[in-house]
Amino acid sequence: MEAEERDLLAALRAFDVLLGAGVGLESVLINIARGGYGAISKDMEKIMDGVKAGRRIEDELTKATSRTKSTGYKRLLTTLKTNVTSNTDLISDLRRQADREEEERTDRIMKYIEALEGMPTALLTVG
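Just remember that my numbering sits 74 ahead of the position in the sequence shown, which is counted from 1.
By construction, these hints were calculated from the structure, which means they are not laboratory data.
Since we're looking at a predicted model, the values are computed, not measured.
Just so you know, even glycine gets a beta-carbon here, dropped at the ideal spot from N, CA and C.
Certain hints may be false.
[Claimed, not checked] Computed beta-carbon distance windows for the label pairs: (1) Lys185 with Val97: 21 to 31 Å; (2) Thr156 with Arg87: 11 to 21 Å; (3) Ser115 with Thr162: 16 to 26 Å; (4) Asp123 with Ala77: 15 to 25 Å; (5) Arg129 with Thr180: 18 to 28 Å.
When you get a sec, could you build the whole thing from the sequences and use the hints?
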(Lines of atoms letter the chains of each structure in order from A and count residues from 1; the text may use other names and numbers.)
(Lines give C-alpha, C1' and ligand atoms only; values in the text may rest on other atoms or scores of the structure.)
Protein backbone atom coordinates (compact mmCIF):
# COMPACT_ATOMS: atom_id res chain seq x y z
CA MET A 1 0.00 0.00 0.00
CA GLU A 2 1.30 3.42 -0.95
CA ALA A 3 2.22 5.76 1.89
CA GLU A 4 -0.51 8.19 0.80
CA GLU A 5 -3.16 5.46 0.73
CA ARG A 6 -2.50 4.63 4.38
CA ASP A 7 -3.33 8.14 5.59
CA LEU A 8 -5.80 9.20 2.91
CA LEU A 9 -9.01 8.30 4.73
CA ALA A 10 -7.96 10.17 7.90
CA ALA A 11 -6.96 13.21 5.84
CA LEU A 12 -10.28 13.17 3.97
CA ARG A 13 -12.18 13.05 7.25
CA ALA A 14 -10.06 15.96 8.56
CA PHE A 15 -10.89 17.98 5.43
CA ASP A 16 -14.57 17.20 5.99
CA VAL A 17 -14.55 18.28 9.64
CA LEU A 18 -12.50 21.44 9.15
CA LEU A 19 -14.26 22.63 6.00
CA GLY A 20 -17.63 21.80 7.55
CA ALA A 21 -16.69 23.98 10.53
CA GLY A 22 -16.13 26.92 8.21
CA VAL A 23 -12.33 26.83 8.01
CA GLY A 24 -11.00 28.02 4.65
CA LEU A 25 -9.27 25.67 2.21
CA GLU A 26 -5.84 27.27 2.57
CA SER A 27 -6.05 27.03 6.37
CA VAL A 28 -7.06 23.38 6.09
CA LEU A 29 -4.06 22.69 3.85
CA ILE A 30 -1.79 24.38 6.41
CA ASN A 31 -3.36 22.33 9.20
CA ILE A 32 -2.85 19.06 7.30
CA ALA A 33 0.73 20.11 6.47
CA ARG A 34 1.54 20.52 10.17
CA GLY A 35 1.52 16.78 10.59
CA GLY A 36 -0.36 13.72 11.62
CA TYR A 37 -1.11 12.47 8.13
CA GLY A 38 2.25 10.97 7.11
CA ALA A 39 3.19 11.39 3.46
CA ILE A 40 0.11 13.54 2.82
CA SER A 41 1.30 16.06 5.44
CA LYS A 42 4.72 16.21 3.78
CA ASP A 43 3.16 16.75 0.38
CA MET A 44 0.79 19.45 1.68
CA GLU A 45 3.82 21.14 3.23
CA LYS A 46 5.50 21.22 -0.20
CA ILE A 47 2.32 22.67 -1.71
CA MET A 48 2.08 25.39 0.92
CA ASP A 49 5.81 26.19 0.64
CA GLY A 50 5.24 26.79 -3.07
CA VAL A 51 2.26 29.03 -2.32
CA LYS A 52 4.32 30.99 0.23
CA ALA A 53 6.99 31.42 -2.45
CA GLY A 54 4.39 33.17 -4.64
CA ARG A 55 3.21 30.34 -6.89
CA ARG A 56 -0.49 29.75 -7.52
CA ILE A 57 -2.17 27.05 -5.46
CA GLU A 58 -3.62 25.48 -8.64
CA ASP A 59 -0.12 25.02 -10.05
CA GLU A 60 1.14 23.48 -6.82
CA LEU A 61 -1.81 21.06 -6.71
CA THR A 62 -1.11 20.07 -10.33
CA LYS A 63 2.56 19.41 -9.49
CA ALA A 64 1.56 17.31 -6.50
CA THR A 65 -0.87 15.33 -8.67
CA SER A 66 1.92 14.46 -11.09
CA ARG A 67 4.24 13.41 -8.22
CA THR A 68 1.97 10.79 -6.67
CA LYS A 69 1.15 7.29 -7.87
CA SER A 70 -1.81 6.84 -5.51
CA THR A 71 -5.12 6.92 -7.37
CA GLY A 72 -7.12 8.03 -4.34
CA TYR A 73 -4.69 10.80 -3.47
CA LYS A 74 -4.66 11.99 -7.10
CA ARG A 75 -8.44 12.11 -6.89
CA LEU A 76 -8.23 14.28 -3.75
CA LEU A 77 -5.75 16.69 -5.32
CA THR A 78 -7.82 16.93 -8.50
CA THR A 79 -10.95 17.64 -6.43
CA LEU A 80 -9.12 20.40 -4.55
CA LYS A 81 -7.84 21.94 -7.78
CA THR A 82 -11.29 21.80 -9.37
CA ASN A 83 -12.73 23.58 -6.34
CA VAL A 84 -10.11 26.31 -6.53
CA THR A 85 -10.69 26.91 -10.24
CA SER A 86 -14.46 26.29 -10.48
CA ASN A 87 -15.79 26.83 -6.96
CA THR A 88 -17.57 23.46 -6.67
CA ASP A 89 -19.25 21.97 -3.59
CA LEU A 90 -16.04 20.73 -2.02
CA ILE A 91 -17.48 19.31 1.19
CA SER A 92 -19.95 16.97 -0.51
CA ASP A 93 -17.33 15.92 -3.09
CA LEU A 94 -14.85 15.06 -0.34
CA ARG A 95 -17.50 13.19 1.67
CA ARG A 96 -18.33 11.05 -1.37
CA GLN A 97 -14.64 10.41 -1.93
CA ALA A 98 -14.12 9.46 1.73
CA ASP A 99 -17.05 7.04 1.54
CA ARG A 100 -15.59 5.50 -1.62
CA GLU A 101 -12.15 5.15 0.01
CA GLU A 102 -13.73 3.53 3.05
CA GLU A 103 -15.57 1.01 0.85
CA GLU A 104 -12.41 0.20 -1.11
CA ARG A 105 -10.43 -0.28 2.10
CA THR A 106 -13.14 -2.56 3.51
CA ASP A 107 -13.10 -4.61 0.29
CA ARG A 108 -9.30 -4.99 0.46
CA ILE A 109 -9.52 -6.11 4.09
CA MET A 110 -12.26 -8.62 3.29
CA LYS A 111 -10.21 -10.08 0.40
CA TYR A 112 -7.21 -10.37 2.72
CA ILE A 113 -9.30 -12.16 5.35
CA GLU A 114 -10.69 -14.52 2.71
CA ALA A 115 -7.16 -15.29 1.54
CA LEU A 116 -6.13 -16.10 5.11
CA GLU A 117 -9.13 -18.37 5.69
CA GLY A 118 -7.85 -20.84 3.11
CA MET A 119 -4.38 -20.97 4.65
CA PRO A 120 -5.14 -23.35 7.59
CA THR A 121 -6.79 -25.82 5.21
CA ALA A 122 -3.79 -25.72 2.89
CA LEU A 123 -1.40 -26.19 5.80
CA LEU A 124 -3.37 -29.17 7.13
CA THR A 125 -3.42 -30.74 3.67
CA VAL A 126 0.31 -30.27 3.11
CA GLY A 127 1.30 -30.99 6.74
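Here's how the hints hold up against the structure:
For the pair lysine 185 and valine 97, the beta carbons lie near 36 Å from each other, so the given range of 21 to 31 Å is not met. Distance hint check for threonine 156 and arginine 87: the Cβ-Cβ separation is about 20 Å, which falls inside the suggested range of 11 to 21 Å. Separation of serine 115 from threonine 162 is about 24 Å and conforms to the stated range, judged on CB atoms against 16 to 26 Å. The hinted window of 15 to 25 Å between aspartate 123 and alanine 77 holds, with their beta carbons roughly 19 Å apart.
Checked against the hint of 18 to 28 Å, the pair arginine 129 and threonine 180 fails, with Cβ atoms roughly 38 Å apart.
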